[in-house]
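Asks: Read top to bottom, the protein sequences are chains D and F. Under this note's numbering, the residue at position 105 of the first sequence is numbered 105, and the numbers go up by one with no gaps. Under this note's numbering, the residue at position 14 of the second sequence is numbered 14, and the numbers go up by one with no gaps.
Hint data in this document are derived by calculation from the structure and do not stem from the laboratory. No residue lacks a Cβ here, since even glycine has one placed at the ideal position from N, Cα and C. Don't take each hint at face value.
Which chain F residues face chain D? A few, computed with CB under 7 Å, are given here [what the hints assert, rightly or not]:
| no. | residue |
| --- | --- |
| 1 | V9 |
| 2 | R10 |
| 3 | P11 |
| 4 | P98 |
| 5 | T220 |
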Amino acid sequence: MIEASGLTKRYGAQVAVQDLSFRCEPGTVTGFLGPNGAGKSTTLRMICGLTVRTAGQATVLGTDYRRIANPARHVGVMLDASAQHSGRRGRETLRLCAETIGADPGLVDEVLTLVGLDRAAARRRVGKYSLGMRQRLGLAHVLIGDPEVLILDEPANGLDPEGIIWMRELLRGFADRGGTVLLSSHLLNEVETLADQLLLISQGRLVASGSKQELLAGNGTLVRSPEPEVLARALAAAGIEVAATDGGLIAEADPEVVGRAALAGGAPLSELRPAEGAGLEQLFLSLTSAEQEQGS
Amino acid sequence: MSAPTDRSVRPALTRLGRVEARKMIDTRAALWLLILTALSAVAAVLVGVLFDDASRDFGETFVDAMLAVSVLLPIVPILLVTGEWSQRTALGTFALVPIRERVMAAKLLALVALLAAVTLLCLGLAALGAAISGDGLGFSGAEAGDVILFELLTLLFGFGIAAVLMNSPAAIVLNFVVPIVVGAIAAISAGVESVVSWVDPSAWSALTDSTAAEWDKIATAALAWVVLPIAAGLVRLRRRDIA
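Given the sequences, and given the hints that come with them, work out the whole structure.
Replies: Right under this line is the structure:
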């Protein structure tokens, strides 16, 4: 379990993270979403005691991370897969980790195989690794301590599509066995099939959170008609808020309510369905667009 | 590699010290540095044995070897500290061991282990040199102790600069430049020298030759260039955001 309350980080006058509170429960995968620079990494580093908090509290398994006697045996942390000594061999970095945390050294080769790094790859120096191989090596570091909680910053970065599916299954299995997973991403489609819970942040502030279903439900219904004006009048008459999307409307109501309103207004329909996927994507884009406009 | 431990027990400092010692030798750069350092000891012994006409005993050859390694050896603990930042491994290191002072204590243990290994190497080379040249086996325990202390201070000097700067090139450059600059300032005038000599690390050199060691100045220079930098480095490390 991970709990954050009022987490805040300021660099002088600049606010990186503002009053962030959330909870990650055992048995769930929480996707921590936001554009680059939104404060995701800073938040994760604050939880792990690497970045000094300006205000607020964070606990992992009910304890301040820094007070956990041997944290890597309880919490697997991967904050930057690239942060490895380029002159050290892959297997050696994992041996150092195992030795530090007192994990069984016999697990080193086993875990390397599990993450898909063969003998030849494990013997190479990390400087010669692709980003995808570094992510796999990073996951090996995380898993060798046999933790109950995983905190991963952009773990899908650099993985090929096959690797992303592999990681998804690995993390799903971990959560299904009762583990807690918190992973960040700046790409919605990387986490939307995996995560049970979503946290969306923008400019250091939490802008949406909840289960994936909740966030989807709030996104209404996609409805299309060959006679769009008639449909628009019908929905307006029923007092349903709408937003235009390409060739159709996103209505702020359940499909059944929208269907009845269309029927009452005599509007023929060509499509009527919950605005899944696209809706979440729109939510993500709309929540983060202000920042992206600022950035461009 | 040692046996696995209970997951709810904090890793012992000796275990962390072993890990840090391993970090000193398991990268390509570190390995070459150690090879070069060992070669400098070999060269010092060979030169003494082959070209010096004055008869020298085992103890003197040992001192020569220790002096030769003292040039490059400080770079090993420097890189052990600054490498965490230049290679960004600090992110992983301090996630595994969140009490940051423990990592620095472990690095100090590794430094002491390095000193022990190098001392053994130099003793072995000096013995070899004495066997080849047929020179005497004369050996002064006090002189040996002095040169080991000199080597320790030299290593800690580099360690302290590295702890404060957390930057490999800057720490390596200052490791070599500071003694020169302090010496140059001391040379300005006798008045300046009388003050600066209290914080001049060259006071430690008296431990390696026949000049009388000024223990008070050795201690004040150690305070200025070992104790203070390490303390300042720890303060900086505690406050630093690791990214």
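Asks: Confirm or reject each hint.
Replies: Quick rundown of the hints versus the structure:
1. Restraint check, V9(F) versus chain D: the minimum CB separation of about 6 Å is within 7 Å; hint holds.
2. Taking 7 Å as the C-beta cut-off, the interface hint given for R10(F) holds, the closest approach to chain D being about 4 Å.
3. With its C-beta approaching chain D no nearer than about 6 Å, P11(F) sits inside the 7 Å limit, and its interface hint holds.
4. Interface hint at P98(F): satisfied, since its Cβ lies 4 Å from the closest Cβ of chain D, which is below the 7 Å cut-off.
5. Proximity of T220(F) to chain D is violated relative to the hint, the smallest CB-CB distance being about 34 Å (cut-off 7 Å).
Comparing the model with each numbered hint stated earlier shows that hint 5 is the single one that does not hold.
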